[in-house]
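Enquirer: One letter stands for each residue in the lines below.
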Amino acid sequence: MKILTANRLSDGIAVWYADGGWAETVGQADLAHDKAAEDRLEAIGAKAYANNEVVDVNLIDAEVVDGVVEPVRLREKIRAAGPTIRNDLGKQAAQAA
Amino acid sequence: MYRYDEFDHDFVQARVAEFSDQVQRRLSGEISEDQFRPLRLMNGVYLQLHAYMLRIAVPYGTLNSKQVRMLGHIARKYDKGYGHFTTRQNIQFNWPALSDIPAILADLASVEMHAIQTSGNCIRNVTADHFAGAAADEVADPRPYAEILRQWSSVHPEFSFLPRKFKIAVTGAERDRAAIQTHDIGLHLKKNAAGELGFAVYIGGGQGRTPMVARKIRDFLPEADLLSYCTAILRVYNLYGRRDNKYKARIKILVHETGVEEITRQVEAEWQELKDAELKLPDADIRAIEAYFAPPALGDRPEGDQAVKLARLGSKGFSDWLDQNVVTHRHPDYAAVTISLKGIGEVPGDATDSQMEAVADIAAKYAFDELRVSHEQNLILPHVARADLKAVYDSLVDIELATANSNLISDIISCPGLDYCALATARSIPIAQEISLRFASLERQREIGELKLKISGCINACGHHHVGHIGILGVEKKGSELYQVTLGGSADENTSVGEIIGRGFSSEEITDAIEQIVDTYLGLRLNPQEKFIDAYRRVGPAPFKEALYAGEAKAA
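Chains as they are written, first to last, in the working numbering: chain U, 1 to 97; chain X, 1001 to 1556.
Hints may contain errors.
Here are some chain U residues pointing at chain X (derived, C-beta under 10 Å) [stated by the list, open to error]:
1) G12
2) Q28
3) Y49
4) N51
5) I60
6) D66
7) V68
Everything labelled a hint here was simulated from the structure, so no lab data went into it. No residue lacks a Cβ here, since even glycine has one placed at the ideal position from N, Cα and C.
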């Protein structure tokens, strides 16, 4: 499975494509289960990049754990949570609060 | 220290205005990311995993208290309350919004700072010995020459689009504290038999995926010829350096592929065309820049000896710190102080906004308003009266920056690694923290003695692992982090590249492996005075391999 991720142009914050927009957390990201869905996400990413909404657009591997979408690779897990050494920073900070 | 003249002010202000306009046009969608990326990189703005990152230049690592206070202000107002001091004596902020960067740059310009040429294929921040102007062993302060190089290299039209980035370091002492042999150009300021100042010139050092120790191409270059000779080197590199392959584009590859004799011949031939023309530095110009770096008026403070003696008796913490973090100054009543940014279990090189402000206050009160950033990611107070050392120590204790570990195993250089960096393949900071915690006991660290441990989270080697006595390189293997260990590297006047000791270790195994290496060293050293690096050079890798892997061979 794949999800679409990028960084928001204005502040660089990591975002994931979910439910017709760019979400600041990964959990509800739109999943692509097949090639056609991947192409659809890729086209959305290309358009958002061209529209100067986001930069560094990528399709990444994801899985669903307990009903929540999670990236597979460590790099993407860290993007989705924040630095592993400071849980007061990044997305995890808001979730802990 | 150096003060901007009218030209510098205008130049930096003009750049702030220009880049602010570029940011506005980017945010409004007038220019695309492809158009903007090279512009933002010229101004130190990267995109990392979580956000943008802004790298701010600290020329030759020198700061005054006003500048450090401004860095604290930026950390608090625009970032998340901290900054990260880097191995190139710079500072970077990890969370700035692009839309805030024009305001940050305007704030920086108000204290004579900027982020120009902290990225891109140009001549980067020129680095220097962090004890410059204070060290008892230097022939002269290397920073005036670093400043001359900074002025010459700033938006140099010929050298703004080199095959790859280009780094210059200068030291003024035999003992190299600026790692000059790991730089594209390394300059060793020295005196010839006639007592004249000049440089031994090294080229082609570097780390990254192909580490190389620089080669000396000239034993003595008169100071007046600094710019013409560097221009000759850059011209040869700009002409012949490879642009077809990013990984072979640094001058080290050109030196290696061309051969040092031939490249020296090319540089000397080019130099013959340049040496007696407008790049020759008039003595008056050198002396004028030098005057900016005139040492503060260090009045005699002979009461220091007695004060230190008494304070030692009253505080073991002070006594330990004095032994570890305070070094001799050329003036006997003074000392140079290392403020460790390597608290046990902390993130190497990070300082909070309030720590920066407090350190600025200490510098203003006790250190003639001067601070340095070392390439080992610590801060330095270069001139402190020995009589004031206890007061400085007490102030540092208050802000938790009095860890007595300079040059010990917990004084670790670490890149940001996969916790922040878009290029990283593994985390480095948590490994540094775990090793630091494992060796937390100061008594144990001092028993081990001088040991430079350096960690990089990818092959680009920002954490200098190749030249660590113990180096750790984090890579990704089959989806997991794997840590390769190199031994025997060194970044001083006897620079060497460490050797890979064997198979890598998982994140769970690496700290045990480091401990095993250290214990092996303790078991084989001739006496406590034999440092790790000297013992390694004497015995080679075999005993360490045996300790780390013998069990496996038998089991197999």
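Enquirer: Against the structure shown, which of the earlier numbered hints fail to hold, in ascending order?
Expert: 2, 5, 6 and 7
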